[in-house]
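**Q** Take the sequences, apply the hints, and build the full model.
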Amino acid sequence: MKPIISADVDLLKRRDLKNGYFSLTFGPFARAKQCRPGQFVHIGFKQSSVFYRRAFSIANTNADDKSLEIILKVVGRGSKQMADLRIGDSVNFLGPLGKPFTLPNKKQTPILVAGGVGYPPLFYWANHLIARGWDPKRIVFLYGGQSSPDIVDRARIKRMGVKFIPVTDDGSFGERGRVTSPLVRALAENTYESPMIYSCGPEAMLKAVDQIGTEFETPGELAMEAPMPCGFGICLGCIVPLRAGGTARVCQEGPTFSIGTVKL
Amino acid sequence: MKPIISADVDLLKRRDLKNGYFSLTFGPFARAKQCRPGQFVHIGFKQSSVFYRRAFSIANTNADDKSLEIILKVVGRGSKQMADLRIGDSVNFLGPLGKPFTLPNKKQTPILVAGGVGYPPLFYWANHLIARGWDPKRIVFLYGGQSSPDIVDRARIKRMGVKFIPVTDDGSFGERGRVTSPLVRALAENTYESPMIYSCGPEAMLKAVDQIGTEFETPGELAMEAPMPCGFGICLGCIVPLRAGGTARVCQEGPTFSIGTVKL
Amino acid sequence: MSKANNKPDMLAQKHMITKSKKPKSKTPKTKPDLSVEIAGYRFKNPIWTASGTCGYGEELDTIFDLNRLGGIVTKSITRQPRPGHPTPRCAEESSGMLNAIGLANVGVEKYVAEKLRFLDEYDIGVVVNVAGFGFDEYVEVCAMLADCPRADMIELNISCPNVSTGGIEFGASASDVERIVKAVKKVFPRPIIPKLSPNVTNIAGIAKGAEAGGADAISLINTLIGMSVDIYTRRPGLTNNRGGLSGPAIKPIALSMVNRVYDVVDVPVIGIGGASSAEDVIQFMLCGASAVQLGTALFIQPDLPITVERDLKKYLTSQGLTSITEIIGKIEKY
Amino acid sequence: MSKANNKPDMLAQKHMITKSKKPKSKTPKTKPDLSVEIAGYRFKNPIWTASGTCGYGEELDTIFDLNRLGGIVTKSITRQPRPGHPTPRCAEESSGMLNAIGLANVGVEKYVAEKLRFLDEYDIGVVVNVAGFGFDEYVEVCAMLADCPRADMIELNISCPNVSTGGIEFGASASDVERIVKAVKKVFPRPIIPKLSPNVTNIAGIAKGAEAGGADAISLINTLIGMSVDIYTRRPGLTNNRGGLSGPAIKPIALSMVNRVYDVVDVPVIGIGGASSAEDVIQFMLCGASAVQLGTALFIQPDLPITVERDLKKYLTSQGLTSITEIIGKIEKY
Ligand SMILES: Cc1cc2nc3c(=O)[nH]c(=O)nc-3n(C[C@H](O)[C@H](O)[C@H](O)COP(=O)(O)OP(=O)(O)OC[C@H]3O[C@@H](n4cnc5c(N)ncnc54)[C@H](O)[C@@H]3O)c2cc1C
Ligand SMILES: Cc1cc2nc3c(=O)[nH]c(=O)nc-3n(C[C@H](O)[C@H](O)[C@H](O)COP(=O)(O)OP(=O)(O)OC[C@H]3O[C@@H](n4cnc5c(N)ncnc54)[C@H](O)[C@@H]3O)c2cc1C
Ligand SMILES: Cc1cc2nc3c(=O)[nH]c(=O)nc-3n(C[C@H](O)[C@H](O)[C@H](O)COP(=O)(O)O)c2cc1C
Ligand SMILES: Cc1cc2nc3c(=O)[nH]c(=O)nc-3n(C[C@H](O)[C@H](O)[C@H](O)COP(=O)(O)O)c2cc1C
Ligand code: FES
Ligand code: FES
Chain E
0 MKPIISADVD
10 LLKRRDLKNG
20 YFSLTFGPFA
30 RAKQCRPGQF
40 VHIGFKQSSV
50 FYRRAFSIAN
60 TNADDKSLEI
70 ILKVVGRGSK
80 QMADLRIGDS
90 VNFLGPLGKP
100 FTLPNKKQTP
110 ILVAGGVGYP
120 PLFYWANHLI
130 ARGWDPKRIV
140 FLYGGQSSPD
150 IVDRARIKRM
160 GVKFIPVTDD
170 GSFGERGRVT
180 SPLVRALAEN
190 TYESPMIYSC
200 GPEAMLKAVD
210 QIGTEFETPG
220 ELAMEAPMPC
230 GFGICLGCIV
240 PLRAGGTARV
250 CQEGPTFSIG
260 TVKL
Chain D
0 MKPIISADVD
10 LLKRRDLKNG
20 YFSLTFGPFA
30 RAKQCRPGQF
40 VHIGFKQSSV
50 FYRRAFSIAN
60 TNADDKSLEI
70 ILKVVGRGSK
80 QMADLRIGDS
90 VNFLGPLGKP
100 FTLPNKKQTP
110 ILVAGGVGYP
120 PLFYWANHLI
130 ARGWDPKRIV
140 FLYGGQSSPD
150 IVDRARIKRM
160 GVKFIPVTDD
170 GSFGERGRVT
180 SPLVRALAEN
190 TYESPMIYSC
200 GPEAMLKAVD
210 QIGTEFETPG
220 ELAMEAPMPC
230 GFGICLGCIV
240 PLRAGGTARV
250 CQEGPTFSIG
260 TVKL
Chain Z
0 MSKANNKPDM
10 LAQKHMITKS
20 KKPKSKTPKT
30 KPDLSVEIAG
40 YRFKNPIWTA
50 SGTCGYGEEL
60 DTIFDLNRLG
70 GIVTKSITRQ
80 PRPGHPTPRC
90 AEESSGMLNA
100 IGLANVGVEK
110 YVAEKLRFLD
120 EYDIGVVVNV
130 AGFGFDEYVE
140 VCAMLADCPR
150 ADMIELNISC
160 PNVSTGGIEF
170 GASASDVERI
180 VKAVKKVFPR
190 PIIPKLSPNV
200 TNIAGIAKGA
210 EAGGADAISL
220 INTLIGMSVD
230 IYTRRPGLTN
240 NRGGLSGPAI
250 KPIALSMVNR
260 VYDVVDVPVI
270 GIGGASSAED
280 VIQFMLCGAS
290 AVQLGTALFI
300 QPDLPITVER
310 DLKKYLTSQG
320 LTSITEIIGK
330 IEKY
Chain S
0 MSKANNKPDM
10 LAQKHMITKS
20 KKPKSKTPKT
30 KPDLSVEIAG
40 YRFKNPIWTA
50 SGTCGYGEEL
60 DTIFDLNRLG
70 GIVTKSITRQ
80 PRPGHPTPRC
90 AEESSGMLNA
100 IGLANVGVEK
110 YVAEKLRFLD
120 EYDIGVVVNV
130 AGFGFDEYVE
140 VCAMLADCPR
150 ADMIELNISC
160 PNVSTGGIEF
170 GASASDVERI
180 VKAVKKVFPR
190 PIIPKLSPNV
200 TNIAGIAKGA
210 EAGGADAISL
220 INTLIGMSVD
230 IYTRRPGLTN
240 NRGGLSGPAI
250 KPIALSMVNR
260 VYDVVDVPVI
270 GIGGASSAED
280 VIQFMLCGAS
290 AVQLGTALFI
300 QPDLPITVER
310 DLKKYLTSQG
320 LTSITEIIGK
330 IEKY
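Protein chains in written order, with numbering that gives the first Met the number 0: chain E, 0 to 263; chain D, 0 to 263; chain Z, 0 to 333; chain S, 0 to 333.
Some hints could be false.
[To be verified] Quick list of in silico lysine to aspartate or glutamate cross-link-like pairs, DMTMM-like style, CA-CA up to 20 angstroms: (1) K79/E to E278/Z; (2) K45/E to D169/D; (3) K312/Z to D229/S; (4) K1/D to D60/Z; (5) K45/D to D60/Z; (6) K98/E to D60/S; (7) K329/Z to D229/S; (8) K79/D to E278/S; (9) K45/D to D88/E; (10) K329/S to D229/Z.
[Stated by the list, open to error] Now the stretches of chain S that chain Z is said to cover, found in silico as 3 or more residues with beta-carbon under 8 angstroms: (11) 104-111; (12) 230-236; (13) 276-285.
Hint data in this document are derived by calculation from the structure and do not stem from the laboratory.
Even glycine gets a Cβ: it sits at the ideal position worked out from N, Cα and C.
**A** This is the structure we're talking about:
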């Protein structure tokens, strides 16, 4: 059994999360059970105006019906095409791809730092940790966006029972400011025992999180993005430079990288 | 007001006529009222694996709701994509294009000779003639196909009340043989007063009809097909050679040509 | 079409493409200005239609008002009328098409008598594309157009790959291009725009040849030589076996060549190749084009020029620019 | 990797690509035969993967069994390891993409020590693609591969347009190509396949140069030089400014060039450029290719080789053919 498959899946469920965000659930995907948070699927279209596949973080899976959820924001042609899919439409999944987040040890406090459309893998990660026996109350979920509507899917986050700290640039929901502010505060004030950061979001945010983690000597992992022609390591198109020298492929050595690894 | 428009229309109705045939009704199309039998629309897709538009004969129009029907057979990528459309999907119509059939004079007996997917413009034509006051019983509708399922849409044809003469290669519906046999018979036996032929179908059939018309000195018009990059006369890609020398564009000087005009 | 009419200024007046005399005004305008100047003429916008993809203009005018165009480049004309190659002479490809129309055209005489006259009514730049099967034919046809005031400029199709006896040979050699441009410049008093073939090793060299010959502007690219074959009949997709590839497929190649040529010549460059949107037109202009011809895209979206015009204005406004000329060649290379 | 191993016959035995000795059997087979012979070797099918689009094989093998391939052409290697250009080094286009990876690779030493070894386990033809920044580097790298029995053949990337100091210069001149092929033939005892650049005026002439130099086969095409630009940042899509266009967009150009070369050389031709289906592979073979490399299409459909293999068999059966070799060059031109 090859670990990665290319398989057609149908759109089973479509939720409009408003403000250009959509949750799409596809299935059945034979590798749903093998998927791990931090990994992604590379999605190909039948009829398309885009040439590459598009990568989307896995936002959830259901081992029973082998379904897989992604959450996206419409920003260009590919995401538009995704959002325009209708129930029953079929796309091609290539996956699961990439290196998942690594589990914290039981002493550590997972601090999830999501920015905008970086939310999906962290939702999956929180769910996964809880399923693995983590106390939801011990999972810190920082979630930043420009404005209130950018903090999507709140009901589900609350239902998980994690320590949910929303932050918006304009203060229209949660704390006003940058999502990195409560992070810095928590680390500076030693609010949580052995913090371990998991972050996904815009590059500028990841860069800040990387600096913060490095400064406070807090371990963590960043889930990165890059334009991905192939998504599984053969094109060398998605590289990032490493601090230690050389380069790494985001799709293969990533998308999750330890804090301090990538030259951001 | 420009005679030809490019306009987005929605799929309003979709009938599976079996055996790969589909009837698709689109609208609203602002030029529905200006359309005439023999004309076609050139259809463009939003998301597509084909590059050109695809030409489809107008099979009917409804001036009230500005809808337009086409009937197609799935034979390749473009027609497949059409057949896969779902209610509410949108395509782009360019049209109406091409030279319509010309009206017979009141003494003439219109003999419509349809072969396979050449049926749609002739259905429209019969309807149109009836609407213009022609006695349905004086309209002869020869319709040939390989086998019974190729004679689609029979109920509607019967409802029109025309003199319907189906012909199949294998005799599974109507007369056995070629659709040209009853045509030759009718012309040889002078069955109808001042016959005027209108035909659409595969090239081999049109060639036969052209020969028959020429031989029996019976006037008529053939609706032709050709691969059409542009559909409105600017690419010069759809030419046919003329008997009188030179060439004609099927999309512009056609698709309807008088019998004896084109070198078939 | 008397000789007396044959003055750029009068022509320009008549067709509203004014010969620019004074420097561009510096006062900010409310409406973004799409006009561009090429070889001493001002076109109301940089949107032209490409030769062979807009006929002689009549059919396009049944879909949108031709006056909306900056310029029209008519189908290549030759000395004699030509039926072109037998069908199939077009073939559909991924994001593009092959064609080997074979220079079907009405011949220069009928062109001047009928086709050019149709354009008299329009306030657009008329660029007459001329093709030939030999050095002398080019010169002869251009000379015949000298007295036609409506022929604002000539685009010299030295790059048509479809006819084995002509076209490509000129286009592939810098010295041939220089020679032919020099010769037609002598017989045609208005601007000459050689149209370059992309099927060459060194497009910059060819462009320099054209400039040395006296080209007033350079347009590129024509189609790339391509082929297709039906796997069941084993027949090529075109009766001419080979044809020219056009459409979005070739846009990256066209952008690269336009930019190469822009970097080495002083005359204006006119971009052609796969442009299908205002974004594409802007890309060509950033790479150095002063105007952009829409070709194959017209087959897919015939009223594209109207959309492009609107979107170009939107772009300028969004970028805080007042004139489209501000973007010409403004790519910021690494 | 001792010298003793370095015999075609032993190699062939080990990797099941048998050196063909006897003429093809004429008895009709039930199973269609996809095997092809190139430069004295028999590949189990004509489906290869193209250099730079399949890495060194490891990743592809996580998706399908590499053994299903006829051959693999590994990513260009150079004398020294190279990080390549900074990102962005790929850009999406209509039916294709631009890349200027910049010959990122592990260098020949690590390649031989690690990457080539991985392929030891597979019964496929291994074609090592070699690039260089000068005449001497090509020769040096090829010489270092002479003693690696797993390097069944070398594909010489004389056509990489991305690195301004090398690549394109060789590929654009017939005499340069002849010279470089001659030189590497002296140091590498197995077949040499020069890979031609499409960015030339006369591909047939270049191919003849390669053949004169002793090429055992000729592969083409590499990418076409292209460019893109972001209209908001005004930055090129690639840090290298220009890159190579690949994908379905270039297939018609590739088919035409393959056919041109097939018509003028006697050695086998290997087709590359936009192939994305069995139909495409058949088109290349009808135009003269003895094998076809799948490139960019692997990014879109990584298990494509499996589908192509199945569909090639279906095609042969539907056409009443027993061997894929029966279609090579069998286009019926007008
Ligand atoms: C490993 C990985 C995981 C990803 N997970 C998700 C996910 O869970 N949800 C999701 O919505 N997207 C995700 N993306 C991004 C996604 O793959 C697409 O890049 C994104 O949807 C834009 O594609 P497009 O075709 O719509 O835009 P394009 O047409 O390619 O680009 C349009 C414009 O949007 C900009 N743009 C590109 N990507 C983004 C982005 N991510 N955010 C904002 N602007 C952008 C481009 O710069 C461009 O200007 C992921 C990417 C990777 C590599
Ligand atoms: C003026 C005009 C009117 C038309 N009206 C109709 C209509 O009313 N209904 C309709 O179904 N089609 C009609 N067509 C044909 C239609 O435009 C397409 O050519 C047809 O649907 C095939 O396109 P495709 O993309 O599916 O096939 P492609 O992928 O282009 O071709 C697939 C295969 O089908 C073959 N093929 C192409 N056209 C036909 C055809 N018409 N019949 C059988 N085989 C074909 C091709 O040779 C090829 O082998 C009309 C064409 C023209 C020019
Ligand atoms: C059907 C067709 C016919 C063409 N005829 C001519 C021609 O007569 N003369 C000419 O110079 N170019 C001709 N061209 C080339 C176009 O003018 C243009 O250079 C080329 O198609 C690339 O632009 P595009 O991709 O926007 O179409 C033709 C192109 C097409 C598609
Ligand atoms: C990302 C990428 C990297 C490539 N790297 C190389 C390379 O290292 N050496 C080489 O000879 N060709 C390289 N090529 C060219 C391909 O091998 C092939 O010739 C070209 O892409 C055309 O084929 P395609 O359209 O099927 O991809 C590369 C192509 C791509 C897309
Ligand atoms: S996307 Fe191709 S190597 Fe990462
Ligand atoms: S389809 Fe273009 S001229 Fe008829």
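**Q** Decide, hint by hint, whether the structure agrees.
**A** Results of checking the hints against the structure:
Our distance criterion of 20 angstroms between C-alpha atoms is met by K79/E and E278/Z, whose separation comes to about 18 angstroms. Between K45/E and D169/D, the direct Cα distance comes to roughly 38 angstroms. Violation of the 20 angstroms bound is thereby established for this hinted pair. Restraint check for K312/Z and D229/S: satisfied, since their Cα atoms lie roughly 17 angstroms apart, inside the 20 angstroms limit. Our distance criterion of 20 angstroms between C-alpha atoms is met by K1/D and D60/Z, whose separation comes to about 8 angstroms.
About 25 angstroms separates the Cα atoms of K45/D and D60/Z, which puts this hinted pair outside 20 angstroms; it is violated. Proposed proximity of K98/E and D60/S is supported: the alpha carbons are some 17 angstroms apart, at most 20 angstroms. Using a Cα cut-off of 20 angstroms, the hinted pair K329/Z and D229/S holds, with the two alpha carbons roughly 11 angstroms apart. At roughly 18 angstroms between alpha-carbon atoms, K79/D and E278/S fall within 20 angstroms of each other, so this suggested pair holds.
At roughly 15 angstroms between alpha-carbon atoms, K45/D and D88/E fall within 20 angstroms of each other, so this suggested pair holds. Simply put, K329/S and D229/Z have alpha-carbon atoms about 11 angstroms apart, close enough for the 20 angstroms limit, and the pair holds. Note: the segment 104-111 of chain S has 0 residues with beta-carbon separation from chain Z under 8 angstroms; the three-residue rule is not met and the coverage is violated. For the segment 230-236 of chain S, the assignment as covered by chain Z holds, since 6 residues bring a beta-carbon within under 8 angstroms of that chain's beta-carbons and 3 suffice.
With 4 residues having a beta carbon nearer than 8 angstroms to a beta carbon of chain Z, the segment 276-285 of chain S meets the requirement of three or more and the stated coverage holds.
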